[in-house]
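Trainee: Listed here are the chains, written in short residue letters.
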Amino acid sequence: MRKFIFYFIFILLFLLLQTTLLQYITVYGVMPNLLIVFTIVTALIRNSTEGAAVGLISGMCMDMQFGSVKGFYALLGLYLGIAAGSVNRRMYRENLMVVIFFTFIYSVAYESVIYIINNIMSGDIRIISAFTTVILPETLYNCAVSVLLFPLVSKAGKWFDAATAKARKY
Amino acid sequence: MPRFFKSKWFIVSLITIALLIVMGVTASKSSKLNWVSDILNVPLKPVQAFFSEAGRKIDDIFAHFRDIDALIQENEALKAEIAELKEKNREYAELKSKNEELRRALNLKDEFGDYSLVGANIIAAEPGNWFHVFKVDVGERDGITVDSPVVTAGKGLVGRVMNTDSGTSNIQTIIDEESAVSGWIAKYGGGHAIVKGDLQLKEKGLCKLVYIPVEVDIEAGDIIETSGIGGIYPKGIVIGEVVEVRKTNSELDRYAIIQPAADFKSLEEVFILKSEKNNDTGSADK
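In order, the protein sequence lines correspond to chains A and B.
Just so we're aligned, residue 1 is where the first sequence starts under the numbering used here, counting upward by one.
Just so we're aligned, residue 171 is where the second sequence starts under the numbering used here, counting upward by one.
Extracted from the complex, chain B is given alone in its bound form (with noise of 0.2 Å):
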């Protein structure tokens, strides 16, 4: 017996029983052992944000003789396209004050008047190939909880608050698989949709569309937007536009492929919407 507790196995099977506590304990969101993390979050983080920003730099350059080409063609067809945007804006300056006249009469409240903009740099990525997360610059410390949504600077939706530690937080984006958001079609006779993220499209910095209502007639260029249905991310943060719709065995059975409004390949600061009110409502999204 006593040869037994010093067996290898005897260690192995501790460490297990251990870890599977740990896991059990950190399970739960509003778990107390996050401060573990920080032991080794801290120290790694000025380091992160330099290896970081020293591999974005080294990508910039071979970026520049890479896509030299594709540039000269980029900015012919970018600039057909600006002058087809001039002629819009002025149309949409128009409909926009038109629009907040008739928000007035109405009284209807700015959805995004409860939040404050937190700014945060990305310092480091998840480590394997399987989810698309990564780590920002901001923590508890400056006010942000779990579940707090993430935007761009073009107000584009990112994703969540995946959990946080004192000067750190992980973000699940609209691309990892695991996520899943409730989307609003926005367009006359639009719907309520599932965004969600795909492993084959990931890479591309693409994702799904699921449980189109039969009766929207999607088509591509269509904006889907957050609906506010899940309790996680207010109503009206543009998600991306569709561009291109699939059906794979009959009408009720199709999703579209949509290009989300953040770019994620050259995602470098992000915003975390930090609720000025904190209201816990069950939620939906995940």
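With the rest of the complex left out, here is chain A (with noise of 0.2 Å):
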């Protein structure tokens, strides 16, 4: 329940920045998606399973936010946090590079998919354009943004475990 309400709480504060604040200060007119990279951080350093609920909260955030058809970032939000969750076991996963490292290439993977899914109706893919139009400059952002929240996610993964483990014990 604390995790949930945790959890819900930076999605909501992350989803506001998001929608408001950020589209003031965007870098060769992107912004970086703070939603996506609280999904990948949260799936690398916790596991698979709150990744994909965090994507899944945050995705149908933006559904009921801005989704002209609903459900579909909620559903790709937990394919994110899924896929981003399955590497932890194979890697040092509190580790500042390795994130980023996951960040980069998830970060590319989630936008190059919504650029294709959006534009195969038309036929019209130009995907070297919209590569350096939005998804590298995003990504790079995203790189960035992912720093800063991995202090944050670590740390409270720690208080959930020290909770967890206290409760245990009585």
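For the record, the hints were derived by calculation from the structure and aren't laboratory data.
You can take every hint at face value.
Pairs of lysine-lysine, BS3-like flavour, derived with a Cα cap of 30 Å:
#1 Lys-258(B) / Lys-357(B)
#2 Lys-178(B) / Lys-166(A)
#3 Lys-374(B) / Lys-325(B)
#4 Lys-266(B) / Lys-357(B)
#5 Lys-266(B) / Lys-325(B)
#6 Lys-178(B) / Lys-155(A)
#7 Lys-215(B) / Lys-3(A)
#8 Lys-357(B) / Lys-268(B)
#9 Lys-405(B) / Lys-444(B)
#10 Lys-266(B) / Lys-256(B)
#11 Lys-258(B) / Lys-435(B)
#12 Lys-178(B) / Lys-158(A)
#13 Lys-3(A) / Lys-178(B)
#14 Lys-249(B) / Lys-325(B)
#15 Lys-357(B) / Lys-256(B)
Remember, predicted model here, so these are calculated numbers, not experimental data.
Need the complex rebuilt from these two chains, each delivered in its own frame; the hints are there to steer you.
Mentor: Put into structure tokens, the structure is as follows:
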């Protein structure tokens, strides 16, 4: 329950920042996607279940706010969390470089999927132009944000674990 | 088998199927599921309005320092332009009165007569980088319907209402890549063309004019208006001005860059044209 409230509050906070203040601090016309970074970082540091839950709920929030077809971002977020969480067992997860590296990989994958799905019907897919104008700058920006989110999620994770361990003692 | 029902993959596929069904249901325009969004949108509305306003204020403060040199130069240029425009204005006033006279004579109906204006404040914008969609603080309760045209105070076209909830609506702007508006090149010997958003031009607040008829002699400075074809936008709303004509391979394959009349960078307030008579005509605009 504590976990759920923590994640939910941060998802709402990031959604708010994303739709309002972040619009004013774009670099090369793009802004980072806080919710995606939050999903990826949570999945990497914690596990795929928590990552999937964060991805699903942030996706649902995005759908409610801006989706014309509701459920699309929720589904993508769910898969993103599962995918990002599935690498952590083979890696030393509490390492900033690992987090930055996978934020890069998964941001590129996520945005490419969104671009392709949105444009597949029109048949007008210009992946290189999409890559240089949106995907790459956003991904680099996302990596920078992951540096900030890493300590937050890491600390919160330790706090959850300590709370569970304490609960088990009694 | 019972273990399978508890496994992660079973839960994931269950959620996937549920979400696919939701997507299917909400894909149609007449979806009755929109109230679900209100759970989030209603409580977030005042907070977003506050944050947006704060962001604007902070941006204004920085812009103040950033732009001071540019503003001095601009001021000079504008003074010269004002003098020129005053001269032109005199000519236009004359033409306008003449036009009105002729209109009365022909008994032409004003196209905007069927609409009333609803003012709306922008409270949030789309979280991703692909689209140019923003959220305003009026919705179904204020009589806003999907596909209502949206304009600025200066009657420049902004876009259309994409979807509505009880208290908020999302506006798709004309610089969004998925937007296509039927335009009219407003000059002697003008023609129909399509105004489209473009991913690369979006950042600069520009859009594209494509499918320009071969016989039209288009050049920088030409005004593009809505054509009224398509059923969403009434005829005669100013979309923007041509700033550059680019030829690709042949004369047939040219396109123009449009500077929209609405300044999307500094947009704070828009007006939604609320239709007085409810006509559900099939539409080619999207």
